[in-house]
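> One letter stands for each residue in the lines below.
2 protein chains.
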Amino acid sequence: MSTDLHHSSGLSTTRPSGSTELPLDTVLERARAAADAARTVAPADLARWLTAVADALDSASDSLVPVARRESHLPDGRLLGELRRTTFQLRLFAERLTTGALHDIHVDHADPDWPMGPRPDIRRTTVPLGPVLVFAASNFPFAFSVVGGDTASALAAGCSVVVKAHPGHPELSRLTAIAAQAALDRAGAPAHLLQLVEGEQAGVDAVRDHRIKAVGFTGSTAGGRYLFDQAAARPDPIPFYGELGSTNPVVVTPAGWARRAKEIAAGFAESMSLGVGQFCTQPGVVFVPDADSFLAELPPMSAGPMLNERISSGYVRTLADLAARNRVEIALRTPGGEGQPDVVLLRTTADAVRSDPSLITTEVFGPASLIVSYRSPEEIEAALASFEGTLTGTIQAADDQDPVGLRILNLFTRHAGRVIWNQWPTGVTVSDAQQHGGPWPASTAPTTTSVGTAAIRRFRRPVAFQNVPKAALPSELREA
Amino acid sequence: MSTDLHHSSGLSTTRPSGSTELPLDTVLERARAAADAARTVAPADLARWLTAVADALDSASDSLVPVARRESHLPDGRLLGELRRTTFQLRLFAERLTTGALHDIHVDHADPDWPMGPRPDIRRTTVPLGPVLVFAASNFPFAFSVVGGDTASALAAGCSVVVKAHPGHPELSRLTAIAAQAALDRAGAPAHLLQLVEGEQAGVDAVRDHRIKAVGFTGSTAGGRYLFDQAAARPDPIPFYGELGSTNPVVVTPAGWARRAKEIAAGFAESMSLGVGQFCTQPGVVFVPDADSFLAELPPMSAGPMLNERISSGYVRTLADLAARNRVEIALRTPGGEGQPDVVLLRTTADAVRSDPSLITTEVFGPASLIVSYRSPEEIEAALASFEGTLTGTIQAADDQDPVGLRILNLFTRHAGRVIWNQWPTGVTVSDAQQHGGPWPASTAPTTTSVGTAAIRRFRRPVAFQNVPKAALPSELREA
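In the order they appear, the protein sequences are chains L and P.
Letter by letter, the first sequence follows residues 1 to 480 in our numbering.
Letter by letter, the second sequence follows residues 1 to 480 in our numbering.
Hints should not be assumed to be uniformly reliable.
The list cannot tell twin chains apart, which means a pair is met if one copy fits it or any two copies do.
Derived SDA-like pairs (lysine to any residue); straight-line CA-CA distance at most 25 Å [stated by the list, open to error]:
id	residue 1	residue 2
1	Lys470	Gln401
2	Lys470	Arg32
3	Lys262	Gly427
4	Lys470	Pro66
5	Lys470	Ala398
6	Lys470	Arg327
7	Lys262	Pro357
8	Lys470	Leu80
9	Lys262	Ala47
10	Lys262	Asp121
11	Lys470	Thr349
12	Lys470	His415
13	Lys470	Arg317
14	Lys262	Arg317
15	Lys470	Val127
16	Lys470	Met301
17	Lys262	His415
18	Lys470	Asp45
19	Lys262	Pro118
20	Lys470	Asp111
21	Lys470	Thr413
22	Lys470	Ala261
23	Lys262	Ala187
24	Lys470	Arg260
25	Lys262	Asp185
26	Lys470	Ala187
27	Lys262	Pro120
28	Lys470	Ala323
FYI, nobody ran anything at the bench for these hints, they're computed from the structure.
Model the full assembly from the supplied sequences, consistent with the hints where possible.
Structure representation (structure tokens):
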């Protein structure tokens, strides 16, 4: 092994062995071997591996959660809930694998009378893409980190996974990787099916490496864009599944406000400050018919400490930038305690947004939202005319007949991956119908989802078998 | 309209009105309006529009085919067959639309006992991406041109389409567009649902324009790569579905050759020279156990004139480059007649390919193939070790037990979008199970297909509706 090989991290100190200190080249070579070994594994075996990882994480809960708390500053209740979500997700994917619900199979029998000319026997299934690189996110140290949604879906797809650890929770990342790796080994999975690397350069180098066949990313628009560009610039470009930024607009209709003011105000206050506002589905922009009344109705809001210093200072900086814009003012600022962020509401008008659409496309990662007052649904539509993609769009209406609500529903369907009626965007359930994505910048791949069982599809590609002997077909394509 | 707007073509002469002479900005604005109008159209209406276009093209056959013949140099029989394929495809997509087979629907009812926490009602369907830009190909003036597979699937998805005409058949492109536009108008489709632009710059400018939401491309690796890069470099990157290059390897097994020599030789000769070798699935590389015997068995081969001078000179140039490589020799050259290409077989060894993998990844667009002799299956595997993605991989074996055939089947499943047993790769049927794509450079989007009904999915994206009143849901998500 020559000394000019890539290194997995700039760190040179000894550390727990969850992440590798091997040269990146070795990690990727192992990922390739593991992908080859997993390529034709039966869904029942993949399911067994996922379940083993879930069991191991649940068992390690007592040792993982305190480390997560120390590194993320999130409270135990939230972390335990997130860990439950994480292991539930692994088991749900496992269950769907065993019932075959995830196969995308078509069988066209030979047909001499097919109108465009005789048709051969063609049967399509999907195969794993190969080694997948996953960038862990900071804000969900379990659910979007080492064994989070991207890893779970890539493993369920039969791929090997290299996780680039998030530096916000390095120790938790290593412990999680150790637990997962050990469980995979005990379950008989190929060696090195899941590996951890650390350091920005390792991540960038891995995106560019020919052995990586797809990338999953959750994080900032700037970071995601840089990595997307690296993937697109490869001699052999690969799919890059990035979930980047979203401001998750909410429209409170006049009739909705007239009928449900207290409920709406309480729901908003909870959703905007949940997880210290550090959710990708945090409602960052709220259109209201009467800003004064909306602000008056809000209950007191507070927030715990943020994930880390970088996020905290980014929050302060972005807020200050927005607050300095024309026709934007600070409507409410609840000072945070020692080491805690202020909860802030800015206010402006739909007319101002029309002049400066960046007001509603600038993501503030933290417990802040922009309250936008409007005078007519036309003003909302004009304000959203140059709106970009968003993970969610939420309508707070009076009832099923609310005309403004129905009108905005149509508008949001064009921009959002998920449209919500009289509920709130935070709290993204894992299910079959879930959709987490949307047009740029919500996602770099708008035809896919990064949450829910459909996320698995991202890491498999279709292969058609033409006139192939039955015994040589993948088992799911043979017929009784 | 200021004079510095984009123009749809460098041409300034008057010409038949199938392609627009409008500024590109106007074309794209119309495409956006048409996409908005088509966005929520019922599948039955989309189906009616597709059928109307199919009927119109069939009716115009007598006027279209002579123009196609003059511009492409392809014989009437081939062109008539291709037109039949084109209109069949439109009608097949229409039929699948009306039966709802194309919806990708999931309904998760609210569930207070969902293990990760109470789950709201979530229902997922798909919506059109918006205006799609389609680059027509040269080699199928009907089936992969103005109303070819990409256009048919984008229209079936409910998108508006701007086609960048291929300069190889400009007159046919305009006539086809006129016929299709008129049929769409008569069928009551939104105005300007399908538009034609000409000129390279118009194509590049359109890829970069924010109103275009996805691109379909069939053509050369160099041209496709350039446009892919433009799409990826946008402030808002969009899906780019490019079908680029493929050398479509074939492996003749020793047992296959021993038992089926005559049949294999005849099948190869027909497949390699079909359409003057100008098919993306042309078998460009053939591994054989005994090159002398293989060459001796081949029937005479000939080819008609190529599509155009640019393709013809590219063919000569690429062939000369390959023939000049170490350990490559010309095994057979059948001189073409006046204005017709030579049919050429090069030969080399698997060992030489291992030293220079580019021998089998260099696509020669025309009636030529590289015959690669091997001594063992290990040699084939070594030669293919650094092989890239390919549209197809073909095995010519003895029978269902042929061990070398089964071994290569596994290998091809890792590289190819379609694996073929004892048949030939040319002749890509349009059906539900068809898969036309593969890892780079076969496709820029390996998880998708550009042929078959699944191609429609490329141009829709999922949207989840959470807690949305039944009456406000898309009709396919309402339940009885």
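> Give the relationship of Lys470 and Arg260 under a CA distance limit of 25 Å: within one copy only, between copies only, both, or neither.
So Lys470 and Arg260 pass the 25 Å test across copies only (20 Å; inside, 62 Å).
> From the Cα coordinates, with 25 Å as the cut-off, is the pair Lys262 and Pro120 best called within, between, both, or neither?
between (64 Å within a copy, 21 Å between copies)
> When Cα atoms must be at most 25 Å apart, do Lys262 and Arg317 count as within-copy, between-copy, both, or neither?
Result: close neither inside a copy nor across copies, 32 Å intra and 75 Å inter.
> Can you give me the call for Lys470 and Arg317, within, between, both or neither, at a CA distance of at most 25 Å?
neither (63 Å within a copy, 43 Å between copies)
> Pop the pair Lys470 and Ala187 into one bin, within, between, both or neither, using alpha-carbon distances up to 25 Å.
For Lys470 and Ala187, the Cα distance exceeds 25 Å both inside one copy (30 Å) and across copies (45 Å).
> One pair to classify: Lys262 and Ala47, alpha carbons no more than 25 Å apart. Within, between, both, or neither?
neither (46 Å within a copy, 47 Å between copies)
> Using 25 Å as the alpha carbon limit, work out where Lys470 and His415 are close: within a copy, between copies, both or neither.
between (45 Å within a copy, 21 Å between copies)
> How would you label the pair Lys470, Met301 (within, between, both, or neither) given a Cα cut-off of 25 Å?
neither (64 Å within a copy, 34 Å between copies)
> Check Lys470 against Gln401 for me: Cα-Cα at most 25 Å, and say if that holds within a copy, between copies, both or neither.
Between copies, since 11 Å is at most 25 Å while 55 Å is not.
> From the Cα coordinates, with 25 Å as the cut-off, is the pair Lys470 and Thr413 best called within, between, both, or neither?
between (44 Å within a copy, 15 Å between copies)
> With identical chains, the pair Lys262 and Asp185 could be close in the same copy or across copies; at 25 Å between alpha carbons, which is it: within, between, both, or neither?
neither (53 Å within a copy, 51 Å between copies)
> Regarding Lys470 and Leu80, is the shortest C-alpha distance of 25 Å or less found within a copy, between copies, in both, or in neither?
neither (48 Å within a copy, 35 Å between copies)
Violated hints, in rising order: 2, 4, 6, 7, 8, 9, 11, 13, 14, 16, 17, 23, 25, 26 and 28; the structure is consistent with all others.
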